[in-house]
Every structure is written in C-alpha cells, then in structure tokens.
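Chemist: Residue numbers (our numbering), protein chains in the order written: chain A, -5 to 171; chain B, 465 to 874; chain C, 26 to 971.
Hints should not be assumed to be uniformly reliable.
To be verified - Taking lysine-lysine pairs in the DSS-like style, the calculated list, with each CA pair at most 25 Å apart, reads: (1) K138/C with K757/B; (2) K264/C with K120/C; (3) K967/C with K596/B.
Stated by the list, open to error - With beta-carbon atoms standing in for the labels, derived distance ranges: (4) E497/C with A629/B: 49 to 57 Å; (5) R827/B with E497/C: 50 to 58 Å; (6) H409/C with E810/B: 54 to 62 Å; (7) E965/C with S547/B: 30 to 38 Å; (8) D750/B with E497/C: 57 to 65 Å; (9) S131/A with E497/C: 38 to 46 Å; (10) D664/B with D129/C: 51 to 59 Å; (11) P735/C with I88/A: 51 to 59 Å; (12) N500/C with K625/B: 57 to 65 Å; (13) S856/B with D51/A: 18 to 26 Å.
Think of the hints as simulated: they come from the structure by calculation, not from any bench. By construction, the Cβ of each residue, glycine as well, lies at the ideal position given by its N, Cα and C atoms.
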Amino acid sequence: MSTIALSINNKAIGPIETSDDIMMIEFLHEHLNMTGTKFGCGVGVCHACTVIVDNEDGTSESVRTCINGVSRFNGKKIRTIEGHAKENEFGEIIKLSPVQETFIENFSFQCGWCTSGFVNETTVLVERLKLMPIHVSEIETVIDKALGDHICRCTGYVKYYQAVKELILATEGLTRS
Amino acid sequence: MKINVNALKLSALLLALPLTVNAAQDELVEQGKYLAKLGDCTACHTIDVGQANGGGLPFTTPFGIVYSTNISSDEEFGIGHYSLKDFTDAMRGGVAPKGNLYPAMPYTSYHLLTDQDIEALYRYFMSTKPVKQENRDNDLMFPTNIRMGLKAWNLVNHDSKVFEANADKSEKWNRGSYIVNGLGHCGECHTPRDAMFAMDQSRHFEGELIGGAMASNITPQELNRQGWTKQDLDDVLRKGYSRKGTVFAGMYPVVFHSFSHLTKDDMSAVTSYLLDNDAEVAAKSDIFNGHDKSDPGYALYTGFCAGCHGIDGEGKPNVSPALIANATIDKAAPINTLSVMLNGVEEQRYSHTHGFYAMPSYRDTLDVKQLTELTNYIRKVWTKQPSDLTESQVQDWVDQIEDSIADAAH
Amino acid sequence: MSRFDLSRRSFIKQCVVGGVAVYSAPMLFNAGKANAAMISDELMEQWKGTGKPKFRLDGVAKVTGQKIYGRDYRAMDMDGWPDTQHYGFILRANKADHRFEGIDLSAIPENAKPSQVITAATLNDAGIKLPVFFGDKMLLEKGQTPDYLGHAVALLIFNNFASFKAAKTRLQFSDSAVIYGEKTPLTSESKDPLASWRIVRSEGENGANGVDNYSTLSDGLFFPDYVDHQPVWPTEGDKSGSTGQRAIYYADQMAQQMDEEDWFIFEQDYQTQSIEPMMMEPEAFNGWFDRASGTLHTVLTIQSPHDFYLQAGEMIEHSQYKDQITKLVVHSPFIGGGFGAKDHSIFPYYGLMASLLTDKPVHIANDRFEQFQSGLKRHPFKMHHKLAIDKKTLKFKALISNMQIDGGGRLNFTGSVTMVGASALQGVYYLPQNDITAVAYSSQNPDCGSMRGYGTLQSMSSMEMMVNESAEKLNVDPFKLRLANIMQPGYRNTQGAIPNGALRYQEILELAQKHDIWINRQQKKQQFEANNPGKKYGVGFGIVTKDYGTGANAPSTQVSITKQGKIVIRLASMEMGTGTDTSQGTLVQQYLGNMADEVFLGEVTLWDVMKLKETDSPYFISQDKQDEMEKDPRWTPVIAMASSASQSSYFQSHTTSIAAKIVFEQGLWPAAIEIWRTQFFNNDHAPADFTDVNNAHWVDGKLTAAGYPPLSIDILAHKAHTMGLVTGVMVHAFNRWSWAESEFVIEGKSNKLAIDALALQYGSGASDSKQALMGKSGYHLLDRTRVSYPNTSMNHAMVTYYAPCATLCEIAVQEGSGEVEVLATHTWLECGRVIVEKLVEGQIEGGLVMGLGHVLHEYLPLGEEGAGNGTWNLNRYQVPLAKHVGVWNLTHTILPPLSESDPTKGMAEVVMIPIVPAIVEAVYQAIGTRFYHLPISKKEIKKALS
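Bound-form chain A, shown alone (with noise of 0.2 Å):
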C-alpha cells in the first residue's frame, strides 16, 4: 500500500491508501469517482487519458495516466478536464475556458471520449506558446506534433486541429509574423 496525496485542479485530495499496482487513471474513477478522464488503450498509445501535470518551475506537461502509477504524481499538482471551466457559488458551469469552447464551437468532436485528452493537450501547447510564441508559418507543423499522437475514432481530426489553429491564432501572443 502506498500514500497518497496530491493537488487536482487546485483542491488538496488525500492522504489516501492505495495499493502499489494502481495507475492513476484507476486511482481517478476508484478512489476519486473523477471520471472525466477516459481509459481508451491503457497501453499509453492512445492518449484518451492525458492529464496536466504543473512542474514547480512553472512549467506543465502532459502524462498519460494509464501507464503511469499513482506514486508518479504523489506531492504533484494536476489539472484534468474536470478543473478547465468556471463554476458559480452552486458548482454550475458558466464559463469554458478557450480551448473548450474552440472545440465546442468548431463541433470538434463526437462521440467525446478523445475530448479530455485533447483538451488537456491543447491547453498545454496554448501555455507553451504563451512563454514561446511560434512564427505563424509554423502554426501548422506545431499542431500536428503537439497533437499527433492522440487517436480520434469519429472525427477525422480536422475539426479539432481547425479549431486549434483557430484559438491560437485569435489569441494574442502566441504567434509572431
């Protein structure tokens, strides 16, 4: 058994008990019943359960979750799809944060089971290219390797890396010309 503690979307959860062999996907819908975060492969090829891990130098990066144990993120903080929009005082969605209304207004998806992955990627590369803009001829060759390796079964990926092109070029500071 190991101890667990860690920060998801900003909330302190544990001290928890799991056992050693638990992944952390498991540990989400286990012990946490957060099930935002969608087991697709579990071989890691998939990247359906991509989560945000924020390093302390400031810095995120994106992990798979069902190949990756639970002691990996002990004392980490992450951010899963869960924690992206607002809520009101009743726990109510008023506001997505842009990466998901990008996806949502550009009809990205379908079926929604690739959604959290892709969200969570994209909003890494947007961080990224906050502290890094790009040369807007890049904007292209960026996305399909920031992108490439999440699997979508129902869209033909083209609305989504429409709508990452889109969000990256109406938000300022991302790309230089």
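Knowing the structure of chain A, use the given hints to seat chains B and C on it.
Modeler: Just chains B and C now, with coordinates in the frame of chain A:
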C-alpha cells in the same frame, strides 16, 4: 554449405541449354537479392523518400558527414558501369572506380565474402531498377576529405582477406561466423574501435557506445551468462522481441530490413555461432528477487515503469517487454538501462501485425538521483548485478551517453 | 436528452417481457456525487446560436468531462444503490482447437482471491442462458471445445478494485489460467453456413424499368440445401418452374451469353480483412440486483437498449430468479462511439448474468485487449467477380459474383450483412442482369456483427476497383465508362426494386471530372515527381451509393411545449457521437420557429403510452397476416429500432417533424389566430381572413402571418395551454422502404399522416372532456381510422434508400518506405436536405478517415494470431492518425438539395466508402501495381516497387 551447393548447381547448369543458363542467372540474382538483405544494404542505401538503392543517407562521422551512394544498376548515377572486378574491389578493398570508399561502407567486414557471393550480389545489383539519382557531396573536414588519405588508412587498418573456415568448428558455426562477421557486419557496431576508428579485433564483439545506446556485448561468454537460448536470439533477431527483451536504437532497422529475412538454416547458424554452441541451450531460470518496498526505487518503479512492464516486471505480450529475464538490464555497466530511460525507445512498426509503441523519454523528468535509484532498484529486483551504483557513476554514464549522441558514427 | 431533469427521477413502467415488468430510467447525467458540477442554464441556452446551432447539445457536457457515459458510473453514483462495488473479470479461452478442461486460479495472490467464481455449472444450476439471438454456451463447459478464440469460460467476481486488479494482472495473459486438454477439430468445421443469398435478375424486354423476366422483388427469394456444410443450389433451370429453378434458368442464360458474346470480360478476385471497430469507449456494464425490492438495475453502453430490454427479459424468464424479479431498470447513457459494434452486442448479457448471481452492484468493463478479443468485428469478404461490358457502347451487360463471408464463431448479424453486402455490389451502376451469390461461414474468429458499412464497404469498393481497371483495359476515360452505366431514376437495382428519388450520380461525376485534382493529374504527376525525387504521385477516384435504414424502421418521437414556451423533445434514439440530439433539436425549428430547449434520448418506456404491440418478424410476416393484424389500431410491425444503420437523420427526423408539425398546426397556430383575431382584428364585425396555415411564417423565432404582428413562442405557448389546445404530440411510424400511412381524427377533422400511432396532450386549460380523454396516462391515445402498411413483398427489395458519395484523392508514395502519404482529398456527398451542416461535415471527415484505415492501415489476422487471442491493442492495430489523413487538405462539397422538401438522408456510413477504391486506384496510378486485397501494406508497395 549453401554457397557450395549453389556453386555446384551453377557449374552443372552451365552445361545445359541457354534457357537454363538464364534460369541459373535468375537463381544467382535471387541468391544475390537474399544476400543483399543479409548485408542490410537497404538500411544505408535507401532512404524513405528515395528509391530503392538510390543512396543519400547521411552519416555523421567524427570527421563530418558522409552520404551513402547510389548502388542501383543505373550506369550514370549508380554502379551499372561496374565490372564484376570493380564491384569485388569495392566490396573487399573499399576501392571503387572513382576512388576509395569511406569506411562507413563496411568493406572492412564484406571482404570476408566468397567470390560466389560477391558475384551473386553483383548480378543482383545489376538487375535492380536503375535509379536516376545523383550522389550527394560529402561534407568532411581536411584531411579526411581527400580520398587519397583512405589509401593510407586502408594500408594500416584494412585486411581484405576472404573468410576462412575455422577447422575446429562445425560447418554450421562457420556459416554463422561468415554471416555475422561478413555480410551481417555486426562487428562494425558491436566491436569497439581503436584510436584509428578501426575495429579493435582484440575486443571482438565486446560492445561499443554509439549514438546514445550501447551496441551490446555479444560475445558468447556474455550471451551465455545472460541466459539466451537459440530461440531467444532467433526471436529477437527475427521479430525484434523476445523473452530476453527487445531491440531498440540502431538495431531496429537491422532487424526490420535484414535479420527478419534470414532463412531458418541461416538463423540457426547465426545463433549457433553467437552462442558458440551447435546444440540447443537451456534457458536459465528467471530472476525475480521480489520487491523491496522500503527502497526509494520502488515508488519510482511503480510510478513510471509498472504500467507497461508490469508490477512484477512481467511485461505485456506484444506490447512491452518483461523485465524478468531482460538482457538489457542484466549488464555490468547499466548504459542501456540508462539509455532507454533518457532517450526512450522510438515506435517500431514491423508490419500490420507487429509493432511496438514508443517508450517515453525521461530525460527531462528524472534527475540523476532518481535515475540512480531506479537503475539500482531494477538491478536489485530482476538481476544478479550489484545495485550499489553511485550517483557520480551514473552521471558519468549519462555524460557518455549524451556525448555519444553528439558524435554518432556508423 | 441533454439536461438532467430532476422531475423525471421516477421510473416509468413500460411493458411486460417474459413476466418481468421492464422499466427504463431517464438518462443519467451529473448524478455523480463526487463530481456534481452542473451546467448553468445561461450557458446551455447559447447552443441555439442564431438560427443554427452554435454547438452540440451535448457539447458542454462532453468538453467538461461530465459523467454521461455508461462506463463512467459506479454504484456510488446511482441513487438507491449501495456505495460499494464489485468488479468482474471474464476469463476467456485463447485457443479454439483444444478441449477446455477447467481453470487454474493459483496465480492469484492470497489476498486477492475472487469472492465468487462463476462457471458453466453455476449457470446450469441457476438456469441462466443467453437469449436465443446469441446462441448457446454462454460460458463453456468443461470438456467442450471453444467455438472461437475468446470464448468466455468463467466470470470471476472480486469484492474490491484492488483485488480485481491484482488478480487480473496475474491471469489476463497467463498461459496457465485456462487449462486445455486434447487437440480437437475446430467446431466451425462441423457447422452449416450461417447464411446464403442468391440475387438473380434478368431485365425484361422493356429494359431497365420495365417488367423483369426474373428478379427477387418480383419472384421472391430461394435458398440452397446444405450438404457436407456446403450450399447446394438448384442445378436444373426451368423457366416455368419454382422460384429457384426460374432463377437458375436466367442465371444459366446469362453465363452462356457471357461465354458466347463478343463482350469485354473482366474477372478478378478481391479480399478484405478483419477489422476492429475501435470505438473509443470500450464496452462496460454496471448492474445491481436489489433482492429486497426485486429490482434488477442495469447501466449499459449499447446502441440498442430496446433490444436489451426484450432480450434481458427473455434471459430472466428462463432463470431461477424469474419469480424474484419484478422490475428491470435500464439506464442507457451516452455512448462513446459505436460504429455498429455496440448494436446487439453480447456483452451486457454477461453483465446481467453477473448481476443476477451477486449481491452487490457489479461493474464489468472491457480493457482494450478484451475489447479486441471479444467485441464484434467487421466481416471479412472474399469475392470473385466477373463483369461483362459491351466494347462499343461501354454498357455493362452482366455481372456474376461469388462472395464468401467469414461470420466468426458466434452468429450475430451475419445474415443481413451478407445480404446487404451482396445487394450493394452494383454500386451506382445499372446491370441488366446479375447473379450474385453470397455465403457466410462460421470460423474460430471473434464474432462479426454490424459495423459501419454493413457489408457494402467490402463489396462496393471492389466494384469501383473493377470499374477503374476495366476503364484502363478498355482504354477509355473512367468517367466516360461510369457515365455510360450509372443508374437513372426509375431503373431497377439488382433485386429488381426501384431506388427512391432522383439519383444524382451524373451531377456528382460531372463535378468530380472538373475538379483540379482530376484535370491536372498528369501534369501534376510530372511536376510533383520532378520536385520530389523518391516519391510517386497518383490520383484516384471512387463513387458509391449506400443504402440507409433497415427495411423495418420504427422511430418514435414526442414533441411538447411547456406553458413557458420551452420546447422539449423525447426520442428513442441513442447518442453515440453522430449528433442526433443536436440535429433533432434543430429540426423542429422548421415548424416551431425555435430550436429545442431540451432533448431527451434513449427513451424506451415512454412509448408505452401508445400501447403498441408487435407479433411477427417484420421481414418474414406474410401479407395475409399483416392485413389481418393491421385492423388492430394498436398493432405495428415493429415497435422500436436501434440507433444504427444511419437511421436518425431520415427516420427519426420523420417522426420528429410530424410531431412538431402537429404541435404547430393544432397548438401554436390556432393560438396565434386566436390572439390576432381577438387583439388585432375587428373580430366582432368580420370572419378572420388570415387563417390559412400557408400564411404562417416564422421570422427570428416569432410567428407572423399576413402582416399580423409577430408573436413570440412563450406567448403562443401560454395561449395554447390556456386554451387547452394540443401542446404535446407523441407519434410512432413504420417504414419498409416506404412509410405506413394512417388517418386520425384530430379535433373533429380527419388527417392523413405518415405514421401509425398518435397520442396527444392538451394544455392545462383543456376542457373536462379533453382531460378525461387524456386520463391517468396524461395522453389522449387516438385510434387510427385507416392504415396502409407497405406490402410485405417490399422485403424482397432489400434496400431502396440511397445516399451517394464520391471521393477524389491525391497521394504520394514514398518509394523507399512504401508509405502512402495522403496529400489531399475532396469528397462529394448528396444527402438531401442538411439539418446541421457541421454534423454532416464531421461525418464526412470522420468517415473518410475510417475508410483510410480500412484501405491502408487496419488489419487483424485470422485464427490464433488474431484479435481473439487477447493480445491485441493499438500498438499493433494502427488506426489512422492525423498524420495519415491529409488533415489540412480534407475538403468536401455537399450538394444542395433539389428543394426544401428533399429528405434528410442517412449518410454516416456512405462517407467512409469511396476513399477505399480511390486510394487503391491512386496507388496504382502512382506505382503501376494494382492491389486486390486490403489493406495495402507498405511492405507490399515496397516489394512492388523494387
């Protein structure tokens, strides 16, 4: 030996009708095609976006960049204008009609080839589709950019002797040796190089750090110590995946293009030679010393590794190798253990039924302390290697790995 | 749905199946206690945008990770369930050629042993067996040989997740967990074919739309005998004999003609592979048998919940728990992708079995290895075609085809997939005569079921490949060959039926022919290859038309309007990504001037109000029986349909539109007239002269007519309610390639409607007599005064609804690696009237990509190396990634409808097909080698190049 049988067939057929001569020629071409696979000519002379045998692959050497050349049958850009003798000279002595070849071309191994095999290869290459693709100029620093210098290098470093069978060993062993040392040119990576960048035959197959990973020690002593069976070697060379672990880094294209095509007999010869044993070798019992939950490496293992390699190191079939019995971690110097942690392993797609997803790189995730703890832990649980490596030792190896990436050479 | 309606927590009784009252529950949403975020009304309101939806109705829930999928729910999320949860693991055989001799669980650590081990013996004792549809051997008995790789042998139940996980890790890939005995033959070797179809047609003297000499539509079907497990068809042809003999007579005549005439004959074998549907959400089940109240609760991930209700009832009825269960509650939440493979899946019945046998709630969820091992697959086809073409006129003269289909080890939808595949072979072309034989066999492979394409992907693609290659051999432009042979409106298909509507193939071909990619292909090839040494350029084209619907579609919709003017729609459809909720919520705009405020999906029990009953299979019922039964106003050929077969946009829209129209005509319109008449007209002095409903127009969400002041929907709704007008309408319809029509008397006036059942709700101000009509159920159920169902002979038509689609692609082949790079694609789709353009676009894009997977990437070997062995996952099975699909250059043209009265056609399947032959042709144009089996691998391309 297969070659002799074929030579015999050839001489017999030469007496027959012209039509049959063509058939014999075809057979020779087929033989050459197979040998070209053994020689892994494709890996260097075909690039993804180029035509087969068109050349153009860059090699970063300590002296600059060398590009592989067009070896298709094209008379203008390829080797279509070569005579059999020209071809033989290139294969054995590294001397092409236009001048000396850089030893990135492993004539330092190919010289072992028999005349028959060289002719078969020649016939095959002359039958390949001509590729109109100009060779790229190399980008080398003085004085190595003068091909003349290579003559001197050859004089000192190169011996163009044809393979001679070891009379003390079986025909099978000798066939294996011929493949491994000749066309297989395994020594080019697995044998350490001396100050002149020539293979140091006194340390034959003892391993060399290249491009961020260790071309392993593949001496019979080491392979037998690690407990490889012939089937294990057959699996790893044919499929890139075995009970003893998987191939990665530079060995992936070798399996993909070359060893996966070996005939059953040739593979058996190769494994007999590598293990120095014609008989089947029994597997050693698997090592799993049990977890030590008080060890700081335990949480690292469960956090970073167990998801794919299994809580007890059992791996997942067709997905990720087991650590139990894994040869990569069972080495005195943990260079490859560290190498895969730092570099990850690139995705490998052999075919529609056979492929491995990438292992992530932890270069930016794990620090030296963690690398040390994790490496020691893995050695403690799944090997008999000592697990008392220090951070400074690990730092040294990490530096060596990073340096070897910077000056990757063939 | 989309919103969780707290007022609907109570379950509604539906019907009695096998002695068990079946209940359905409202869709679960935000019931999770740990993560109880809700979506504010203000945010949801925005979905309506301005005139077209701003986002999907389910968009916010999905993009914020709400608990909306079946797999998300644990016991603690469910009202009234215990908080703790059991976990089940299904142990499966990975061999089919050895006797099963038991299981060995010794590898499980002591602290992780299962609390229960369920085997075939347990099931025998409890009287639990599969519903008949799925066959037998739910769990394999000791001493039997598995029917297929992946055959379930035991179900292990664990008290908690930790022990489940620890045990599964040890068992899943273990060589010793399942014990095998002696080697035996495969059981499939001693089974008769699963299905046999033969479609023969001979055009009569009046040609393409005259009376046929013979066709399945006019003559009926005939079937072979089985000898030594092989089909034996009638051999003696006889023009005036039985159906079979007549068919053989014309088939022989055609074969003889093919030998004798100076026709161009093209003959070729084609083969397609086994494909994993790979919906992103692997199947899962949660269930709890509450013994105290005799209630069995279930949470599903399937596309066909209605079917589950019926079959679960059947399963319970046979079991020893029959008398202990009085209620079956079924929750059917959102589906994380289905592609057909969650329709009639066997999976939930294992969950049901587990629930029956355990005390606690039990969760069973496939991981991806298990989904590969046990989920439904796409049928592999082996085909041999022989096509005759007139050398001068370029007309197709005859087609003979033999198809062999692998149905896998357990019969599912193989029969109809085989039939649909065979009947689709002709694609967009007219054939004056045909003899198409298709036989499906069982094998040791995982069972194949319905999957996107439903057999047509396999057969139609091969037809297009034939056309492309024949054009080359005949040295004619492939468009010219196509134009010479396309079906014209009124022509008969291979079954002798006339496809519905205008067939706009010519229009599409002419557009494609003028597209840059096609016009400039030669010039571009030269240019591209000069600029990109090592790459070969090629262009390919394919055009197909795909049926939608099943020939027995039975949609239901309820549309109601609250007193505050909120539009609420309730549907039987499930939502698995296609956007049914969004499209149906948008559709009502045509009649109600506004988009829906709430759409509830997956309603099953609600329709009990209509008290419908069905008797026979709609496919096999006789005309006499139908004539007899239809006299009963409660009888219908089929009560419900699955969410599959590209059904929602056409069939579901049909009932939604009719229901909305009635709400308008009987509710809002008379309310408007009343307002205008009393407030804006000299009512006391003259009769209102603006009451013609044709004057009605919705402008910016408000209703106006003949210049009268626009009225907003809340005012109209309030008035309609106060007046006791119709404010809610529930309808049921039936379609057998044509809609059933009935007459109903509404408010004293007879209405002819394309539905077969109707129930009305009146506003709160309704008179006592109207209130009485609604009674306790709250609905006034009307009796139809006349009904006309499509004749049962329409079943022989097999299909008549088609949507065409064509794709032009340009690719580059990397010579060194054999990799195919998709440079650009353009797709043309004719789907009638588009409801939500973005949803249609999403289907075009996603379909094309799934087609690319089929033609280039996705492959499962058959037999022991195949998916059934339990070691398959996405590291080996390559589904297309963005880099494989030309993601930045994927474009399309949606043909404008002929008029606003065009049907809203089903198109979710057809869009994945034309890319398949287009890529095969483009590869040929690039490298000069044709491939006849799929997928085309890099290795084969490389080999072809050297």
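Chemist: Each hint: holds or not?
Modeler: Taking the hints in turn, this is what the structure says about them:
no.	hint	result
1	K138/C with K757/B	holds, 22 Å
2	K264/C with K120/C	violated, 49 Å
3	K967/C with K596/B	holds, 18 Å
4	E497/C with A629/B: 49 to 57 Å	holds, 55 Å
5	R827/B with E497/C: 50 to 58 Å	holds, 53 Å
6	H409/C with E810/B: 54 to 62 Å	violated, 42 Å
7	E965/C with S547/B: 30 to 38 Å	holds, 35 Å
8	D750/B with E497/C: 57 to 65 Å	holds, 58 Å
9	S131/A with E497/C: 38 to 46 Å	holds, 41 Å
10	D664/B with D129/C: 51 to 59 Å	holds, 53 Å
11	P735/C with I88/A: 51 to 59 Å	violated, 31 Å
12	N500/C with K625/B: 57 to 65 Å	holds, 59 Å
13	S856/B with D51/A: 18 to 26 Å	holds, 25 Å
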